[in-house]
Every structure is written in C-alpha cells, then in structure tokens.
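Visitor: For reference, the chains in residue letters:
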Amino acid sequence: MGKTISEKILSEHAGRELKAGDISVVSIDVVFAQDGTGPLAVSQLKKMGFDRVADPYNSVFFIDHAAPSPRKELSDSHKVLRNFAAESGAVLSDINRGVCHQVVAEDYACPGDIVIGADSHTCTAGALGAFATGMGSTDIAVGFALSKTWMMVPHTIKVNFEGSIQKGVYAKDLILYLIYKITADGATYKALEFSGQVSSELEMEDRLTISNMAVEAGAKAGIFATDEKTENYLKKQGRPSCFKEIFPDSDAEYEQVINIDCTLIEPMISRPHTVDNATGISGIEKVKIDQVLIGTCTNGRISDLRVAASILKNRKVAGSVRLLVVPASSNVYMDAIREGLIEIFIESGATVVNPGCGPCVGVHQGALAQGDVCLSTQNRNFKGRMGNPEGFIYLSSPATAAWSAVKGYISDPREVLV
Amino acid sequence: MNDNFTDNTKEEQDKKGMLKGKAFKFGDDISTDLIAPGRYFHLRSNLPELAKHVLEDADAEFAKKISRGDIVVAGKNFGLGSSREHAPAIMKIAGVGAVLASSFARIFFRNSINVGLPVLVCDTSSIQDGDRLLIDLKKGIVKDIDRDIEIKFAPLPDVMIKILSDGGLVEHITKNRGFNL
Ligand code: SF4
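Heads up: the sequence lines are chains A and B, in that order. Numbers in the numbering used here are just positions in the first sequence, counted from 1, shifted up by 668. Numbers in the numbering used here are just positions in the second sequence, counted from 1, shifted up by 272.
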C-alpha cells in the first residue's frame, strides 16, 4: 500500500516504515520558538540540564511577537532569549527580521523536512513540502536539546482544489472557504494534503497562506507536494540545493477526499469570533470598520502587499479607518520599498509598521478599543485576540481588506478590480 | 457529601488515582485566547500572576470562584488556537484538577500531558455546572454524584501515560536522558 506525504516524511525520519496511527520518535530538521513561547522553553531546557542545542544552525529563537518590546517585562524576556541563544549556539532572529513563519519559509525549511515550532502556525512550512507542526514550549525544549521528538503519524485528508479561481478571489478565500466547510475542528489531529489543478497553479506565497491556516481547522499539518514552483521559490531564496521532490504515492490511503470547485468561491469573510463563522461576501450586511490590518504570517508577503497597493494607489483610506500595513519580514519590507509600494501605502493614509506580528496577537501596535471593528488579513479572530475581548474581528484577503479600508465598511473587491 | 469535598490533596489523588471536584461548565471552542489572553503577554514569565486571569474572557470570575481540584467541563475542541503552553500551565496553577471535554485541540492536549494536567475525552453533555464529580483515572470513569451517572472516558495513548507517570515531559527526559517511549 502506498504512502501519503506525511507517512513518507515521518517514516524517513523514524528510520522505519510507519503508517497513519503509528507513534514513533523521529529526528527533526528545524526547531524554533518565539518570544511568547521561547522563555518557557529556555527554563525547561535549563531544568533538564541542557546548555547547548543539538543542532545550532537549525535551532532558532525568534523575537517577533512583541518586537520591538513595548514594556519592560517583555524586554527582560527578550534578553533571556538573546543570552540563551548566545550561550547555547542557537540562532537568534532578532526584532529586525520578521515573523517566524515567514523567515522559516525564506531561510530554513526544505522539502521533506520535519519542522517543529513553539507556535501553532508552524504548519505554514507545509507549503514547501515539509512536515511542519506546532507544539508547546516543553516539547520544543526537548527538540532543541535532542533534535528529536515523538509523533503520532496523522491520518490524511486530501483536499482537491479544482476548477478555476474567479476575479477577486485569492488563496485566503480558498482556505477560509475550506474551514467554513469542514469547521474549526474538521481536521483535528489530521494532516491536510492540498492537491488538484488549482493547487498546482498557486504560487508559493499563496500556498504559504493556505498551509498557514491548516491549524484553524485543527490540522496537525497542511502539506503541498513539491513542483517547479517550489524549486523556483527556493532558488529565489538562495537555497536551490535544498529542493527535492516530495509527493504522495498514487495508491496512498486517505481518510477522506474533499473536492472543492473553486469556480463557485467568492471573496470570503469570517465573522467574529470564530474562523469558521464565514460567509461569501455577498452574504454580509453593511459592517462599518474602525481598523484594517494587512500583514501577518498569513498575508504579509510581497504578493499580498502588491495586491493591496494596486487597490490603494491614487486612493485614500476612509477618514474613519486606521489602516495598518505590516510586512511579514525584512525581505518583504525591502522588496516593498524597492517596488514603491510603501510610498503608495503612506500616500493613501496607511500606517506602515515594522516587520513582525504587529497587532495580530494583541500585544502592541494597534490593540482594539471597546466596540472597535477590525478587518484583518490574519488567520484567527477569536474573542480577545487583538487585545480586547470587547473588540470584533473579521477576516479576509488583502484585496478585500484594502478596498474596505477605502470604503470604510466591508466591501467586495470585485467592485474595483479590473 | 462532606464539606471539604473539593479539598483533595495531591497525595490523596496520587494514591488512589482519584480526582474529585466541582464542575465548571463551559461551551464549545474555548480558545487559548480565552484561557490565557494575549493582552497579558507580558505576564508569561510570571505564571502565578498570569494564573489570576485564567479563563478570564470565558468567565470573568473563574479564577476567584475555583477551589483546588475543581474540574473544567467543556464541549468540543477545547484549547483551540495558539500553542501557548501557558494555557494548561496556568489552569494547573490555578487549581484545576482535570479538564473533561468531548474533544480537544491537538497542541493543547499534548501540552497538558507535558505539564501534568489530566485531560479526558468523554461525553460531557449531561454534566451540569456545579455538579460534584469523582474521577477514577485508573478505571476511566467519571461519576457525576449529583446526577447519579457514570461516564466512561477514552484511555490515553501509552506514550502519554508514560510521560504523565514520570510527572511530565521534563521529568521523563531527565530521568531517561532522552526518550524512553
Ligand atoms: S502574525 Fe499572528 S498568527 Fe502569525 S505568528 Fe505572529 S501572532 Fe501568530
């Protein structure tokens, strides 16, 4: 019997044949934590008596969630990470570099790798054909110490994105639609394998958006097979030699196959306070907005900023709206500067924030006021997420977010896209 | 029942594999943002302080109302969202004896085992808020004293039992100088 991508990658890292449901200790290729989860990982490492990481080049501490630090307690936490990275040999990705998942895609993850990170959206790297999954600080501490972890091989749900994508519809809309269909726990403990004609046509940045949100359906991983687009992306990142072909066997066994006709999908909106509380945009009432966020590990890449800038060019953000633009990484920021996008944003009335998580997790740089409505390109809209349980978060693609920022209420980007 | 129903000590639990406590009932999809809100990000290196806000956005008074050993009872997909281990850690510090839910999000479940918080998958629909519960970890049974019913819960995978019985993942690794699963 053939293997799914997850079964292949996990078998290779266990040194024995594994199938869905098996539990095994596996070697890992990349391990990381961020400033919210890293300090606890460091104290667990110290408790276990480890003062070196097993694989210095592929062990990374990111300072991205509260970067630069907005208060002294967090400055102290950052210092813990800086000091520990220096002592232990781990890499430090400091406040200037950007969101962990974006940097992992740019610099670390390779097809066929196992990537574990102390952040739930570690599944992002699945876009590159890696088995990437989020864990807590203690599991990650053990990963740093031993370059190993234990895993249960997940059953796989194959998602075929078929048909064609309509104008105004983006990768974000596809994944919001999928989560709406299967709900927020529709893939709990499972791996999603994205397949079908549309998946193969998606650019790498779009695949990253889709894999990023696999966890919003409860999935352990969200994986694409590799192809030329994977190879080209890695070349562009200066890592051509890490490419390798990853694909499922043709007789792999799937727990379920979901076929989605993308032709039927319109721009999607998730309403407060769950991601699966979604609707096509034509089903949404008139929602006035106070803040718009374009950025995060879901939609803060250069292609996202390009779409947003194309809509904002020669237009003004509505007077009642604060538009925040947060490039996901320093590389994205530099590209946006070179392409003149930052100028367009600032001229439109947007506030450009330094690369990082920005206000996504409610620490700084745009916490919501009581009753505020925010339209965000991030991946989750849980109550309290952006720093205030009395705030209301809607989710959309960057195109919908940009056009809505101009209009002052949630608006259909098809009105403006030619 | 006697007055100190919820006053069970750690030793007592360990001896008998028994937990007892009052049910605090929550709904479906209780996220880690509701358990450990992001606005208290700066308290993540101060867990006792963070624990004062545990589950605050689901029930503002929870941290004040709970007695040591009380049981959080919820619907489906408990603990969805972020990987923050601080969520189960502060539930444990606040005195939560166990969490019963019809299903759990994956990372939360794994984190709970690593920090030594029992998480049990069972049908929670008939348990009401305030019910007195008796949990027999070894037999896999929750007894709802006030409704006079017994509910079975699914056994944990062997690797998780090993980690739990060593006292958590840090203890497991320290004891074995690596994995011994
Ligand atoms: S951008 Fe948001 S979702 Fe992504 S890692 Fe940062 S806080 Fe998490």
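Careful, some of the hints might be misleading.
Unchecked claim - List of simulated lysine-lysine pairs, DSSO-like, C-alpha gap at most 30 Å: (1) K912/A x K676/A; (2) K434/B x K687/A; (3) K676/A x K816/A; (4) K297/B x K849/A; (5) K336/B x K740/A; (6) K294/B x K1051/A; (7) K1051/A x K348/B; (8) K364/B x K687/A; (9) K364/B x K747/A.
Read the hints as simulated data drawn from the structure, not as lab findings.
Visitor: Next pair to validate is K676/A with K816/A; report whether the Cα-Cα distance is within 30 Å.
Guide: 17 Å, holds
Visitor: Take a quick look at whether K364/B and K747/A sit within 30 Å of each other, Cα to Cα.
Guide: 27 Å, holds
Visitor: Taking only the CA atoms, is the gap from K364/B to K687/A under or equal to 30 Å?
Guide: Status violated; Cα separation ~34 Å.
Visitor: For the pair supplied as a hint, K1051/A and K348/B, is the alpha-carbon distance within the 30 Å limit?
Guide: The hint holds at about 17 Å.
Visitor: Would you mind confirming whether the straight-line C-alpha gap from K294/B to K1051/A stays at or under 30 Å?
Guide: Given that 30 Å is the threshold and the Cα spacing comes to 26 Å, the pair holds.
Visitor: Just to be careful, I want the Cα atoms of K297/B and K849/A compared with a cutoff of 30 Å; is the pair within it?
Guide: 28 Å, holds
Visitor: Does the alpha-carbon distance linking K336/B and K740/A stay inside the 30 Å limit?
Guide: 28 Å, holds
Visitor: Are the Cα positions of K434/B and K687/A separated by 30 Å at most?
Guide: Holds, at roughly 22 Å.
Visitor: Keeping to a limit of 30 Å between CA atoms, is the pair of K912/A and K676/A held or broken?
Guide: Status holds; Cα separation ~13 Å.
Comparing the model with each earlier hint shows a violation of hint 8 alone; every other hint is respected.
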